[in-house]
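Participant: Starting from the given sequences, assemble the full structure and let the hints guide the process.
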Amino acid sequence: MRIFIYMWEGVKIAFEALRAYKMRSILTTVGIVIGVTTVITIVALIQGLNHAFSREISAIGTDTLFIQKYPWIMTDDDWFKYRNRKNITLEEAEEVKASATLATAVAPQIGTRRTIKYEEKTVERVIIVGTTSDYAITSNAMPEYGRFLSENDVSSNRAVCVIGWEVAQKLFDQLDPIGKRVNIGGRKFRVIGILEKKGNFFGHNMDIFAVIPVGAFKSAFGMRRRSIEIEVKVKSPDLIEEAEYELTGIMRRLRKLGVTDENDFAINKQSMLMDFYNNFTKTLWAVAIGVGAISLLVGGIGIMNILLVSVTERTREIGVRKAIGARKSDILWQFLIEAMMICAIGVIIGILLAIGLSQVVAATTPLPAAVTWWVVILGLVFVVTIGLFFGIYPASKAARLNPIEALRYE
Amino acid sequence: MLIQFNNITKIYEIGTVKVEALRGITLQIDKNEYVAIMGPSGSGKSTLMNILGCLDTATQGDYFLNKNNVSEMDDDQLAEIRNREIGFVFQTFNLLPRATALHNVELPLIYNGTPASQRKKLAKDALGKVGLADRMHHKPNELSGGQRQRVAIARALVNNPSIILADEPTGNLDSRTGDEIMEIFEDLHELGNTMIVVTHEEYIAEHSNRIIRLRDGLVERDEAKHGS
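Keeping their order, the protein sequence lines are chains A and B. Per the numbering used here, the first sequence starts with residue 1, numbered consecutively. Per the numbering used here, the second sequence starts with residue 1001, numbered consecutively.
It should be emphasised that the hints constitute simulated quantities derived from the structure, not laboratory data. Source: prediction; values computed, not measured. We put the CB at the ideal spot given by N, CA and C, even for glycine. One or more hints might be untrue.
To be verified - Restricting the straight-line Cα-Cα distance to at most 25 Å, the calculated cross-link-like pairs of lysine-lysine (DSS-like) are: (1) 12(A) / 1139(B); (2) 1120(B) / 12(A); (3) 1124(B) / 12(A); (4) 188(A) / 117(A); (5) 1139(B) / 1120(B); (6) 170(A) / 198(A); (7) 117(A) / 197(A); (8) 1121(B) / 12(A); (9) 218(A) / 97(A); (10) 97(A) / 86(A); (11) 12(A) / 22(A); (12) 1139(B) / 1124(B); (13) 1139(B) / 22(A); (14) 117(A) / 218(A); (15) 97(A) / 256(A).
What the hints assert, rightly or not - Non-contacting residues of chain A with respect to chain B, defined by C-beta distances greater than 12 Å in every case (computed): (16) 58; (17) 76; (18) 202; (19) 289; (20) 297; (21) 305; (22) 378.
Facilitator: Take a look at the structure:
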């Protein structure tokens, strides 16, 4: 009972003291505000990044492997090392499809960007992909309307195309696109299907998109000196390691590599990106923790400094309080509460600023940065730790004052 | 018997030098006495007052206050005794500058956990007794010296203590205001309070019924006045 009465009293005393020394209190609080805002905003950014990244990366299945000339993650030096590798060919893709036992679908893929025209309307820089009917499975490319490429379309190199959702919108508007002839990079193709809406993938609009049989791609745009990529869908995500092993074996056999030769191709998968990303955010977290620790320290020292000044200035007051019955613990709490109140005000302002900043980031960039509920708990931890840790020395100094000397202090 | 001092000594050690401030003081003060403690500077009267007020403890000897042996108490127990048994009135008033008169008077009640509503009532009553009911929301810098000292007296009274202990209560006041304060003291005495006033001025001591004179850490003379 007594402790609660005094706690409340302590809050009032602290509030009174902070009001009496406004400038000083504001400056001290600013230290805490900067620290809290920085840390919470960085955390919000990281979380926004996580959110954005996992959303993007989910487009690549965990059960898909990509046989390519270059690995996804490499340094500049790696590029010079790998560029002399043999290109991956359509024939190799056919061999892989014939030999891979753990694959449900194997699709060769080659791409370019071309303009698509229909009568007076054009869409520029459309991603054109040459592939086979397996692409429907490996890339989960389901037609929303019409049909996807058939095996016959591919084997007879028919001039047909499946177009992306946005291309269909822009070229045909209300018209039915099926059966219409469009001009892709100077060649005529007949529209047989429209893909469902896909959205963005790492900055590429996947709805400004068209799929044509790989043979038709070859005769229309040529593929000499170009490497294709082979997309392989594995029976189940659990089998991804085994499938990678199997594909490595097939590719090494096709390329007649000796036992000591290094692989001259790369097998890419989603987890590579995930690992890379996690390494990258590890650094960000370290920065956040570092900044947090430093600002905590600086803010805390500011509080300690202000409290020491305050204890000296209020020596007489402490003497009076002791003379009329304040115990050591009462004085101790008075100053600890004052320290924690500076922190609390700083943390509240800091959280509000961080929420504002995150909203600005979320509104002006593609990052969905957001402050989550647990920062409130983080804030509480901040208040208690900084306040207690840096307040305890000045507070105990005040509590230990001899009342007679304190009363005599000028 | 309210106060019993048995052969109290107080020795300060300043570096290697020992200073004997009190060299064996034995005295008794009864309830509702009005005592003045006098003596030249260095006589030990400040030390005696600090021990009487439980701000300090004796090096040797026993001090019984209301039958409690104060000489054996620790800091927290002393704080509680000061809160409950003693009302201080200082020469320099020692009010909290940023708090209102009312809040200053409430302070002792805060430290013994009196609930807020009761606190307000008791503090207002105490301010009424010293004639400051209309000044309770003023801060010390909005009050005259005499008014400030009256707030301090109200603060000393509010917990209904066994002793009111005043250290040169008129030292910072002009003589007319000082007389007003001494009148309040006499009223308080008549109401049954035990008053102890430390002073070096004879005319202040004149108000009391008993004068204890100290010299060199000993009681030089202890005399009751006529007509009391």
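Participant: Confirm or reject each hint.
Facilitator: Status of each hint after checking the structure:
Taken as a hint, the residue 12(A) and residue 1139(B) pair is honoured in the structure, with Cα atoms around 16 Å apart against an allowance of 25 Å. Proposed proximity of residue 1120(B) and residue 12(A) is supported: the alpha carbons are some 16 Å apart, at most 25 Å. For the hint pairing residue 1124(B) with residue 12(A), the CA-to-CA distance comes to about 20 Å; that is within 25 Å, so the pair holds. With a C-alpha separation of about 9 Å, the suggested pair residue 188(A) and residue 117(A) falls inside the 25 Å cut-off, and the hint holds.
For the proposed pair residue 1139(B) and residue 1120(B), the alpha carbon gap of about 16 Å is at most 25 Å, so the pair holds. A hinted pair counts as satisfied when its Cα atoms are at most 25 Å apart, and residue 170(A) with residue 198(A) qualifies at roughly 16 Å. Annotation: proposed proximity of residue 117(A) to residue 197(A) holds, straight-line Cα distance about 20 Å (limit 25 Å). For the proposed pair residue 1121(B) and residue 12(A), the alpha carbon gap of about 19 Å is at most 25 Å, so the pair holds.
Restraint check for residue 218(A) and residue 97(A): satisfied, since their Cα atoms lie roughly 19 Å apart, inside the 25 Å limit. A hinted pair counts as satisfied when its Cα atoms are at most 25 Å apart, and residue 97(A) with residue 86(A) qualifies at roughly 19 Å. Among the hinted pairs, residue 12(A) with residue 22(A) is consistent with the structure: their alpha-carbon atoms are about 15 Å apart, no more than 25 Å. For the hint linking residue 1139(B) to residue 1124(B), the alpha-carbon distance of about 15 Å falls within 25 Å, and the restraint holds.
Straight-line distance between C-alpha atoms of residue 1139(B) and residue 22(A) comes to about 19 Å, which keeps the hinted pair within the 25 Å bound. With a CA separation close to 20 Å, the supplied pair residue 117(A) and residue 218(A) stays within the 25 Å bound. Note on residue 97(A) and residue 256(A): the hinted pairing holds, with a Cα-Cα distance of about 18 Å set against a maximum of 25 Å. Every C-beta of chain B lies more than 12 Å from that of residue 58(A), the closest at about 59 Å, which supports listing it as non-interface.
Once the 12 Å rule is applied to beta carbons, residue 76(A) is consistent with being away from chain B; the minimum gap is 66 Å. Distance check for residue 202(A) against chain B: the nearest CB is about 61 Å away, which clears 12 Å, and the non-interface claim stands. The beta carbon of residue 289(A) is kept farther than 12 Å from every beta carbon of chain B, the shortest such distance being approximately 40 Å. Every CB of chain B lies more than 12 Å from the CB of residue 297(A), the least distance being 31 Å, so the non-interface label holds.
Even its closest Cβ contact with chain B, about 21 Å, leaves residue 305(A) beyond 12 Å, as expected for a residue assigned away from the interface. No Cβ of chain B approaches the Cβ of residue 378(A) within 12 Å, the least distance being about 34 Å, so the stated non-interface status holds.
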